[in-house]
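**Q** The lines below spell out each chain.
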Amino acid sequence: MRLQISTQLAIFAILELAARDGQQVSVADIGEKYSVSSHHLAKVMHVMGRAGLVRSARGAGGGYQFVGNARRTTLLDVVQRFEDMSSIDQHPGVADATAEGQALRQVLSEIDDIARATLGSITIATMRKLVERHGAGGGRRPKPVSSRQRDRSPS
Amino acid sequence: MRAADMPEVIALDTRVTKLAKADYWDDIYRRFGNHRSHERFFLVAENHTDQAASRLLGFIIGEVRAWEFGSTPCGWVFALSVEPDLRLRGTGSALIEAISHEFRKAGISKMRTMVARDAQLPSLFFRSEGMMAGPYIQLEKDLD
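Chain order of the listed sequences is L and P.
Each residue of the first sequence is one higher than the one before, counting from 1 in the numbering used here.
Each residue of the second sequence is one higher than the one before, counting from 1 in the numbering used here.
Source of the hints: derived by calculation from the structure; they are not laboratory data.
Treat the hints with care, as some may be off.
Cut-off 27 angstroms, straight-line C-alpha distance, at most; resulting in silico cross-link-like pairs (DSS-like, lysine-lysine) [what the hints assert, rightly or not]: (1) LYS110/P / LYS129/L; (2) LYS21/P / LYS141/P; (3) LYS33/L / LYS43/L; (4) LYS129/L / LYS105/P; (5) LYS110/P / LYS18/P; (6) LYS33/L / LYS129/L.
Okay, the calculated beta carbon distance ranges per label pair [to be verified]: (7) ASP85/P / ARG72/L: 10 to 20 angstroms; (8) GLN102/L / PRO135/P: 49 to 59 angstroms; (9) SER109/L / ASP144/P: 32 to 42 angstroms; (10) LYS21/P / SER109/L: 25 to 35 angstroms.
Keep in mind it's a predicted model, so treat the numbers as computed, not measured.
For each residue, glycine too, the CB sits at the ideal point set by N, CA and C.
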């Protein structure tokens, strides 16, 4: 399974914010770690803000904050904001009327179901544990904006 | 696990699964409770502090299985239940840790379980315990 860049950035951003436990983090700091423009990341954060996963604060000390429940918010909750995660059953195929087309749809539907079940069973909190196991805790980590007192708009 | 725990175990399972299965529990007790083994584990978590709460907080059952499906010996967890009103307090994690300890003592370094694809709560729990998809795929077919 491949995820769009925006989807991957959304997951990375949520993981960074969740690790900061309520602190505000700017898109510039997150973008710096993942080598992506603030402009691109701001668009991603806007989508997540509309989904109620993050909250923004403008002005000095502003930035984004994770407002979901890390033990209940799953990767699927994030991914489906950017990807079409609906079942193949909801999309017509080129040969649905044939036995071959139906057989192929059955196999593809199985793959879709497994992908959704996997993403839907891994929470942000579980992902944080995985990140720690991979040793990413020692990697580059954005600093909370509040400690830098910069006047930066989140968008 | 003691014989005296069985009524509470069965009552908890019946409340959670909405299925009474007396024969199953008789068999489980005969194989896992009454007949202790260094490769079969039936562990219970008990409440010793809150007198008002149920004494049994939860249970876990598992055993070492070897060479089935071409697998080297591993510890299978095939039942885990926690009192619904007492979840999110670490009981499930404690049960997993306890049976992991027993598996390690038996020389086992891999633990497995199986979860229904649409059973989100158990999936979330086992994932939070660090369990990932293993190298096997469960296959089935309808028998006409």
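**Q** Please go over all the hints and tell whether each is borne out by the structure.
**A** Status of the hints after comparison with the structure:
Of the pairs offered as hints, the one joining LYS110/P and LYS129/L holds, with about 19 angstroms between alpha carbons and a cut-off of 27 angstroms not exceeded. Proposed proximity of LYS21/P and LYS141/P is supported: the alpha carbons are some 25 angstroms apart, at most 27 angstroms. Note on LYS33/L and LYS43/L: the hinted pairing holds, with a Cα-Cα distance of about 17 angstroms set against a maximum of 27 angstroms. The suggested pairing of LYS129/L with LYS105/P holds, with an alpha-carbon distance near 25 angstroms, which does not exceed 27 angstroms.
Only pairs whose Cα atoms come within 27 angstroms are accepted, and LYS110/P paired with LYS18/P is rejected, the gap being roughly 31 angstroms. At most 27 angstroms may separate the alpha-carbon atoms for a hinted pair to count; LYS33/L and LYS129/L meet this at roughly 19 angstroms. In this structure the hint that ASP85/P and ARG72/L lie 10 to 20 angstroms apart at CB holds, the actual value being about 18 angstroms. Between GLN102/L and PRO135/P the beta carbons are some 30 angstroms apart, a value that contradicts the proposed interval 49 to 59 angstroms.
Against the hinted window of 32 to 42 angstroms, the Cβ-Cβ separation of SER109/L and ASP144/P comes to about 21 angstroms, which falls outside the hint. Take LYS21/P and SER109/L: their Cβ atoms lie about 32 angstroms apart, and the range 25 to 35 angstroms holds.
The structure fails to meet hints 5, 8 and 9 from the earlier list, while all remaining hints are met.
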